[in-house]
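Using mature numbering (1 follows the signal peptide of the UniProt record, and there is no 0), the letters of the sequence shown correspond one by one to residues -26 to -1, 1 to 96.
It is possible that some hints are incorrect.
To be verified - Simulated DEER-style distance windows between Cβ atoms: (1) Ala9 to Glu32: 29 to 37 Å; (2) Arg65 to Ala9: 17 to 25 Å; (3) Val4 to Arg27: 32 to 40 Å; (4) Arg59 to Asp25: 27 to 35 Å; (5) Gly19 to Gly41: 15 to 23 Å; (6) Gly57 to Lys8: 25 to 33 Å.
Since the hints were derived computationally from the structure, they do not count as laboratory data.
Built from N, CA and C at the ideal position, the CB exists for glycine as well.
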Amino acid sequence: MKKFVGKHVVIAALSGIAGLAASAHAADVVGNAKAGQGKVAMCIGCHGIPDYRTAYPEVYRVPILGGQNAAYLSNALHAYKKGDRHFDTMRAVASSLSDQDIADIAAYYAAQTPTSKNNPDK
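Turn these sequences into a full structure, and let the hints steer you where they fit.
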């Protein structure tokens, strides 16, 4: 029985280390706002329409992303990708993004202000 428990402890420890390594790698990714500009086409359809509300799966106000904090956007996209945040449409979009894509998109939107010339949300 002790060998059985010991194996599970080792497996759990290795899994934890692998998870930390993966999150450390994601934290090392630096976003590029210029690269992000070419990656937001799927975002603009909902997040680029002021006061837009979805009708599926429920009525939901879609936030404007321009000027939002990059770390917040990155964390939100990673949470949708992992399933920690629940909204089917966002999960589908986020699951197709790499860590670099997420960092670039977050950097792009963080660089925007309501009056930015290139802000797709104005």
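Do the hints match the structure? See the list:
Ala9 and Glu32 have their C-beta atoms about 33 Å apart, which keeps the hinted 29 to 37 Å range intact. Our hint of 17 to 25 Å for Arg65 and Ala9 holds, since their Cβ atoms are close to 23 Å apart. The supplied range of 32 to 40 Å is met by Val4 and Arg27, whose beta-carbon atoms lie about 34 Å from each other. Distance hint check: the CB atoms of Arg59 and Asp25 are about 22 Å apart, inconsistent with the given range 27 to 35 Å.
The hint said 15 to 23 Å for the Cβ distance between Gly19 and Gly41, and at roughly 19 Å that hint holds. Gly57 and Lys8 have their C-beta atoms about 30 Å apart, which keeps the hinted 25 to 33 Å range intact.
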